[in-house]
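**Q** Residues per chain, in single letters:
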Amino acid sequence: MSIWLSSIVFIPTLGALLFLLLPARSAKTLRNAALVVMLIDFVVSLPLFWMFDPSTSKFQFVEQAPWVPSLGINYHLGLDGISLLLVLLTTFLGPIVVLGSSAVTKHLKGYFISMLLLQTGMLGTFLSLDLFLFYIFWEVMLIPMYFLIGIWGGVERIYAAVKFFIYTMVGSLLMLVGILWIYFNTTVPGIGHTFDYTQILRYADFGAQAQLWLFAAFALAFAIKVPMFPFHTWLPDAHVQAPTAGSVILAGVLLKMGTYGYIRFAMPMFPHGVETFKPLMLTLAVIGIIYGAMVSIVQTDMKKLVAYSSVSHLGFVMLGLFALNQQAVTGALIQMVSHGLSTGALFLLVGVVYDRRHTRLIADYGGIATVMPKYAAVFMIVMLSSVGLPGLNGFVGEFLILLGTYKTAPVFAILAATGVILAAVYLLWMFRRVFYGELVHEENKGLKDLKGIEWASLLPILVFIFWIGIYPSTFLNKVTVSITHFIGQVAH
Amino acid sequence: MFEQLISDMHVSRMLPEILVLVVALAAILVDIVTPAGRSTRPVQITSIVGLLVVIASTLFVHNNGPAFGGMVEIDSFTIFFRVVLTMLTIIIMAVSENYIQLVKIRIAEYYLMLLFALFGMMLMTMANDLLIVFLGIETMSVSLYALVGMSRHRESSNEGALKYFLLGSFTTAFFVYGIALLYGAVGSTNILDITVYFQRTGMNLPIIAWAGTLLVLVAFAFKTALVPFHWWSPDAYEGAPTTITAFMSTAPKAAAFAAFLRIFYVGFGEVSDGWTTALWWIAVLTMTVGNLMALRQDSIKRMLAFSSITHAGYLVVAMLTYDVIGGAAMLFYLVIYGFMNIGAFLVAIALNRNEDDDRGYDINDYKGLAFRKPLIAFLMMIFMLALAGIPPTAGFFGKYYIFSAAVKSGFIGLAVIGVLNSAVSVYYYLRVVVTMYLKERDEKTEGRIFWKPDMAFAVIVCAVLVMYFGIAPDQLLKVATASIGALW
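Each protein sequence line maps, in turn, to chains A and B.
Quick note, my numbering runs 68 ahead of the 1-based positions in the first sequence.
Quick note, my numbering runs 10 ahead of the 1-based positions in the second sequence.
Bound-form chain A, shown alone:
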């Protein structure tokens, strides 16, 4: 049995332990150490992409060992096409968020330890194939994120951190009851009760009524995380208060844990629940798309605008998942990755000017394209990718989702398409107000253009924005079989 996946999950934890030995005084050492750990983790995870066999829907690189045998809990990791992309997205964003942390100066040691532990939690969530193990990672990741928002965040950080924690906790505890119920109602011949995901899919036979309840319990936990309308209210607070790097992780990876939860657990395990809740989920997804976009339009704070745009973009993901055909689900998956890249980059970009001017209000800028031309160019590319311009990554996902949804639920597709238009409205309008026009504010005249470290964090993302936009097949090939299998599971 290889320990490849375990290494990927726990390299950041080891790094965090090493951090305890480092001196707290030297900021430079700490930054470099964090960067090195994240880079090692990324490099270790990278060969997965080539070694992964896209012709099978089976889990690969599986690791299994008993953990608490008397309770039937196993340590069980594995990877399929769906988790492959998300794991790589996570390890890819790791070094980038370290680079994006240059504005953080307070308690740097604790900051990077939190960040590394968070990385372990997220990777573990994407790789767990044991419901109990999944739950542990899902919960454990709350604590470092809570600290990232609460210690290094903005003025209202405590409120935001506690809200984030309690919201997530309430949802996940109900899921825990669901997990327990599953455990006691799944019997593997010769073994007994199990938390094992693959065994549950094979042997579990829940009644239609039970599936409704179970789906509801799981869906609530995941809906809060996604976040779906109307459970999204924690997100703007958390985003606005979190430090830049925290926002990048939050938008880039954490929210994906919610959508991943649907695709991995809630939908394949409870197909009857999906059938019953499908209209509701589609409706909420569309409301999320339009509501998120409308609220974005009126924002005066750039970070809040991007935060609400996440609600809208993740509405697309949910729409694609519940449209339940090959194109829509593929689109949803690509959109998950795209949103991680584009929105992550947007948060980094907002952070760039915030570090210089300590304001995120749109009204405090205007005409800065003349003093920061390179910044404006990068911002435009990322912004257009978020709008969904053909040739950039955002288009691929949204197009596939709308195409797929139109086949099964045309009305929802048409309504959702307005979201694309609204996205163009709020993003382009913001862009115009920030970058064009007269350079009215005196303070903005001395703004410096992008620095080396900022380039270092943005360029890799730009590469993938173009790559996915121009030649998505590299990534689509990896997921096709897994998605076909997924649809087979849900729609049987």
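In case anyone wonders, no lab produced these hints; they're calculated from the structure.
Wrong hints could be hidden among the right ones.
[To be verified] Under the rule of at most 30 Å between Cα atoms (straight-line distance), these lysine-lysine pairs were calculated in the BS3-like manner:
| no. | chain 1 | residue 1 | chain 2 | residue 2 |
| --- | --- | --- | --- | --- |
| 1 | B | K114 | A | K96 |
| 2 | A | K442 | A | K519 |
| 3 | A | K231 | B | K454 |
| 4 | A | K177 | B | K383 |
| 5 | A | K231 | B | K383 |
| 6 | A | K174 | B | K449 |
| 7 | B | K114 | B | K454 |
| 8 | B | K114 | B | K173 |
| 9 | B | K383 | B | K488 |
| 10 | A | K519 | A | K96 |
| 11 | A | K372 | B | K449 |
| 12 | B | K114 | A | K174 |
| 13 | A | K177 | B | K173 |
| 14 | A | K372 | A | K516 |
| 15 | B | K449 | A | K231 |
| 16 | A | K177 | B | K114 |
| 17 | A | K513 | A | K372 |
| 18 | A | K177 | B | K462 |
| 19 | A | K177 | A | K126 |
| 20 | A | K174 | B | K383 |
| 21 | A | K96 | B | K173 |
Starting from the known structure of chain A, fit chain B onto it as the hints suggest.
**A** Frame of chain A, contents of chain B only:
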């Protein structure tokens, strides 16, 4: 003939209990030979060493079976609690010396009372007869009344002791009356005879047997501070010297639950339909009321006092499943709860500004503690997360196991109420973490920190165990399951 009688009593099976009494006597002698006015350190050391011998005798001398003509039963359940209770007592004693010097208690009776309480508790866990339970409860309680009131010059200590004593006397009355009624119906106070009686009657009990059962239930609800019989506990907990509060919220509670379990699982098992319904409501009330009260506290000590009511509610959830898993979950939780709660109380002691001032435990004293004393803050965070039931601490596994027992036995509604309560409790435990880690330091609220080596050692041991049982709970689960097996 007399020798025959002695050997039938199997006195040797109670060796650990006898040793506890010997230790107590030795401690008295040590106190007598120590010059007056000097520290009570010799008494402390005698007691701790003695108790280590007690643990050794429990673990290495195997002599199970009934003793005193079936009045007590020594089985794996008894042994489990003997070890746990003695360990908790040792921890409390180990940190007490510096503390009682600080709060000017300075009398050897402090340790003696702890030893007598321990003897009473051990008796409770092995009692196979309602009268022995009564004896054990009284021995324990009388020692505790004295311990609560030991800060004689402090008003709240006297108040707490008096309230505790008065309400404890009521409980005693309930309990004795219940025993009398049951005796009237059954003709015996031995729980095995009671079982036989209930097997014959089934649920068609005469009214006096029901009334007797109910009164015994109420008495136990008092002793374990379940809502609505919890009124004594916040005042007694607040008034007591804080080491004693830590003790009371763990060891005596565990002992009371042990007796509760044995009496109801073995003795009243046949009529479980009756008492599980009552406990269902008690569990819901206890979890919820404890939580709502704890939410409003600004004093760490009071917050922990109320939250210990909530934790008793979780234990009742496990108990009312009337199932091996539920029982094992209870045993597991009692152990880890002991360590996390004592740990939290010890940190509270370390930070208390003024024992005589009721605001000595104000949460504002914790502002920015993480940047002032990172180690203490980190340890406290572990205890808070464990009490809130967040992985990877043992607190999570404990709660998980309890709710899994509830779900297995079909109490899904109760499990949902339980987890929601658990989510509420996150708020006030997290508040401590917020204050330590997210708030800035505030010079005005920074008092002295009472962090002696003995204290540091005990707190670290508690924290390590809380983390260890969170990551590798398997052994303890197996021991707990084997121990509860003795009741079936």
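**Q** Each of the hints needs a verdict: does it hold here or not?
**A** Here's how the hints hold up against the structure:
1. B/K114 / A/K96: Violated, at about 51 Å.
2. A/K442 / A/K519: Cα-Cα ~10 Å, so holds.
3. A/K231 / B/K454: Roughly 28 Å separates the two Cα atoms, so the pair holds.
4. A/K177 / B/K383: holds (15 Å)
5. A/K231 / B/K383: The hint holds at about 27 Å.
6. A/K174 / B/K449: holds (13 Å)
7. B/K114 / B/K454: holds (26 Å)
8. B/K114 / B/K173: holds (23 Å)
9. B/K383 / B/K488: Distance ~37 Å between B/K383 and B/K488 Cα, so the pair is violated.
10. A/K519 / A/K96: holds (17 Å)
11. A/K372 / B/K449: holds (24 Å)
12. B/K114 / A/K174: Distance ~42 Å between B/K114 and A/K174 Cα, so the pair is violated.
13. A/K177 / B/K173: At roughly 50 Å apart (the allowed maximum being 30 Å), B/K173 and A/K177 break the hint.
14. A/K372 / A/K516: holds (24 Å)
15. B/K449 / A/K231: Distance of about 16 Å is within 30 Å: holds.
16. A/K177 / B/K114: Between A/K177 and B/K114 the Cα gap is close to 42 Å, so the pair fails against 30 Å, i.e. violated.
17. A/K513 / A/K372: With Cα atoms ~25 Å apart, A/K513 and A/K372 stay inside 30 Å; holds.
18. A/K177 / B/K462: holds (27 Å)
19. A/K177 / A/K126: violated (40 Å)
20. A/K174 / B/K383: Roughly 17 Å separates the two Cα atoms, so the pair holds.
21. A/K96 / B/K173: Violated - the C-alpha atoms of B/K173 and A/K96 are around 60 Å apart, more than 30 Å.
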